[in-house]
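With chain V fixed as given, assemble chain S onto it according to the hints.
Chains V and S, in that order, are what the protein sequence lines are. By our numbering, the letter at position 198 of the first sequence is numbered 198, and the numbering carries on one by one without gaps. By our numbering, the letter at position 76 of the second sequence is numbered 76, and the numbering carries on one by one without gaps.
Any given hint might turn out to be false.
No more than 20 Å apart at the CA atoms, straight line, and that leaves these computed lysine to aspartate or glutamate pairs for EDC-like [said to hold, decoys possible]:
#, chain 1, residue 1, chain 2, residue 2
1, V, K395, S, E172
2, V, K93, V, D193
3, V, K349, S, E172
4, V, K13, V, E70
5, V, K349, S, D102
Hint data in this document are derived by calculation from the structure and do not stem from the laboratory. Remember, it's a predicted structure, so these values are computed and weren't measured experimentally.
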Amino acid sequence: MPDTNLLSVHDLKIEATSYPPGEPPKRITIVDGVSFDLQKGKVLGLIGESGAGKSTIGLSALAYGRGGAEITGGEVKLDGTDILKLGKGGIRKLRGARICYVAQSAAAAFNPAHKLGDQVIEATVRHGLMSRQEARKRALYLFQVLGLPSPETFGDRFPHQASGGQLQRAMTAMALCSHPDLIVFDEPTTALDVTTQIDVLAAIKHAIEETDTAALYITHDLAVVAQISDDIMVLRHGRTVEYGPVQQIIEAPTQDYTRALVNVRQAIRREAPDQSKALLDIENISAEYSNGFKVLHGVSLHLCKGQTLAIVGESGSGKSTLARVITGLLPPSDGRITFEGKPLTPALKNRPRDDLRRIQLIYQMADTAMNPRQTVRDIIGRPLTFYDGLRGAAKTARVKELLEQIEMGNGFIDRYPAELSGGQKQRVAIARALAARPELILCDEPTSALDPLVAEGILKLLMKLQEEQQLSYVFITHDIAIVKAIADSVAVMHRGRLVRFGPKSQTLSPPFDDYTDLLLKSVPEMELGWLEKVLATRRMESAGN
Amino acid sequence: MRAREIPITAWIGLFGIALAIFCALFAPLIAPYGETEVVGGVWQVADSQFFFGLDNLGRDILSRLIYGTRTTLFVALAATVISFSLGILLSFIAAVSGGLIDTVFSRFNDLMMSIPTLIFALVVLAVLPQYLFVLILVMAVLDSTRVYRLGRAVALDVAVMEFVEAAKLRGEGKIWIIFREILPNTLSPLLAEFGLRFAFAILFLSTLSFLGLGIQPPTADWGGMVKDNKDGIIFGIPAALVPGTAIAALCICVNLVVDWLLKRTSSLKGGRGDA
Chain V
1 MPDTNLLSVH DLKIEATSYP PGEPPKRITI VDGVSFDLQK GKVLGLIGES GAGKSTIGLS
61 ALAYGRGGAE ITGGEVKLDG TDILKLGKGG IRKLRGARIC YVAQSAAAAF NPAHKLGDQV
121 IEATVRHGLM SRQEARKRAL YLFQVLGLPS PETFGDRFPH QASGGQLQRA MTAMALCSHP
181 DLIVFDEPTT ALDVTTQIDV LAAIKHAIEE TDTAALYITH DLAVVAQISD DIMVLRHGRT
241 VEYGPVQQII EAPTQDYTRA LVNVRQAIRR EAPDQSKALL DIENISAEYS NGFKVLHGVS
301 LHLCKGQTLA IVGESGSGKS TLARVITGLL PPSDGRITFE GKPLTPALKN RPRDDLRRIQ
361 LIYQMADTAM NPRQTVRDII GRPLTFYDGL RGAAKTARVK ELLEQIEMGN GFIDRYPAEL
421 SGGQKQRVAI ARALAARPEL ILCDEPTSAL DPLVAEGILK LLMKLQEEQQ LSYVFITHDI
481 AIVKAIADSV AVMHRGRLVR FGPKSQTLSP PFDDYTDLLL KSVPEMELGW LEKVLATRRM
541 ESAGN
Chain S
1 MRAREIPITA WIGLFGIALA IFCALFAPLI APYGETEVVG GVWQVADSQF FFGLDNLGRD
61 ILSRLIYGTR TTLFVALAAT VISFSLGILL SFIAAVSGGL IDTVFSRFND LMMSIPTLIF
121 ALVVLAVLPQ YLFVLILVMA VLDSTRVYRL GRAVALDVAV MEFVEAAKLR GEGKIWIIFR
181 EILPNTLSPL LAEFGLRFAF AILFLSTLSF LGLGIQPPTA DWGGMVKDNK DGIIFGIPAA
241 LVPGTAIAAL CICVNLVVDW LLKRTSSLKG GRGDA
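Bound-form chain V, shown alone:
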């Protein structure tokens, strides 16, 4: 029944030209032979790793190719008309009117110099679909539907006066304003905290139902897309891996790749018992920035040798600051840190070199954590020379040994970071930390910038190394699933305070304090109807209050 399809994409092929330095330009295929249909009022989830072509497909629904991507084959039919064959003028009439787009980072997508309200109605008014007055009324209605605070005046705010979650909802309002037939959501909740994500997800879902709009929902998180879609298409390397109703994909995936995505991060590690002697003991630590802003309030924690302490919390909870305090980058204003029974010098510059060696840090973004002008040999080799005085053949041999340990071959030794994939870069960063023969590694969200399967590989590597070398980790993350998988003890932080600390089995089981409860319940689960369940509980609780 082809007539009921709102959007029908058939055998889509998208190519781009890449210009590798020193080589002739190459044609690369980004999307190859992808077909799907979308009916009015339905949501199709596009899911895949980075580079799978999901955003490119989403944008092709607007007949747009980003960064030199060209649609070279296939058709994109909206209500039976192939929009790829429309001229520039025809496409312009569609964009922002019948098809709208919600970008990943609303904070970057809004113009900081204009009020939100004006930006929300701009496209609709420009297209002549409504008068300014009507559009304002529509925007007000949408602000209400999306649950924005004080909807009457929300439009008068500038982008910097709204939070990330509010901006993402405002952007959704902008997309919905013109009564579009189709909205393309490009990872709308990826940049948000879990507790905010759930609100935005609920708002988007509610708004889509209310306005009967069709949507393409692009994400890399299967658990998120399962809450909101009717159908799911799993993509890999620009090809369709599996395409079907959400229930079938989650409950009975037919492809190995889909199964791997569904089963990602099952528990890998059993909890070790708390030992009496701690490797790292943090007592009553407070810290403030040089402007007097207090970021940590009396945090006390400890970590035993060979174990993993996970620190969880939203952005701004002070979890990364705690790592900076341990490293000495931000000396604490109060409290003390004991490492292996001896007090640790507060400030970095006074700390003995051997203490620096024993505590290493792995960053979230391996891209910026490695000097782009040094080869893997230099990056891993420097700590060897610096701490152990290794040079020449002995150094090369040790670098190769470390590459072996992080499961990368010797062929990578002369590569620059730009020639490595995201996962490989993070592995090299781990090798650099290992090169110092550390006892404690602080991991600052080392997997949150990676695709789920790659992240799982990194976690497994960290666990393997821990077992082999008796390493201790402080693992900072906002992902509860990781905590469940790898931690021995867990610390929950909120606004610079320690909310809860203890062995994993205790911390993550009831009775909960309010914040931990909210945090745990906000983590999307790979389960149909999870979002409704959580929202229903919330409503009951608030009714009970």
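Okay, now just chain S, sitting in the frame of chain V:
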């Protein structure tokens, strides 16, 4: 780096610079006449004997051009290299240290920049004894204020990167951080600036010579030669254009080479085609 990977423009630039260096090194051997030797009539036109003709005193322009390469190239290059070493070192120290050091360096730099360069140079050179190294140092110090500005701006961007923080956490000293972590990542804009500054140094030297405070006669330098022969232009004598063209050609050559280096260094793969 294989020869065939060097683009043709870079070859042209390299050839031009090589030619200039060759002229500077072997001036007495290749110049047909002496530097200050009067060989014929005033502003005698070019013929087979005198390739570019003669200048305002009847000296051979080609010979003076070849001798002039020595002074021009040496002074401009020395001044630019010194100004870059000074500017980069001070600006990177300021960027890495921050705080009081940064403030003192930067405000002093502002103070220096607030005085017009040419007037400053004229006053200083008029007071100081007229040695070549004094000239070079004055040019270098005045130019280093511009390099400092640029150097501090680019170094600040790199100094906040996490790999610099990682180096600090490792316990590395300031010298390592400046030369191994920051410098390689700021080379692109600095090299581009070097090409520009070198051209400006030639022009600045020419200006000073033109005003009588640069290279002193009878020593030949390109700027001075333009000044000597400028009056000829009124009478339709192109003698002043010859050194002028030489200045332009050398500047272009330097920039062609810098452009190529820039492309090489801005590629994060180190510009190695086989990598």
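Hint-by-hint comparison with the structure:
1. V:K395 / S:E172: Distance of about 18 Å is within 20 Å: holds.
2. V:K93 / V:D193: This hinted pair is violated, its Cα atoms lying about 36 Å apart.
3. V:K349 / S:E172: Answer holds: K349 of chain V to E172 of chain S is near 10 Å, not above 20 Å.
4. V:K13 / V:E70: Distance ~9 Å between K13 of chain V and E70 of chain V Cα, so the pair holds.
5. V:K349 / S:D102: The hint holds at about 19 Å.
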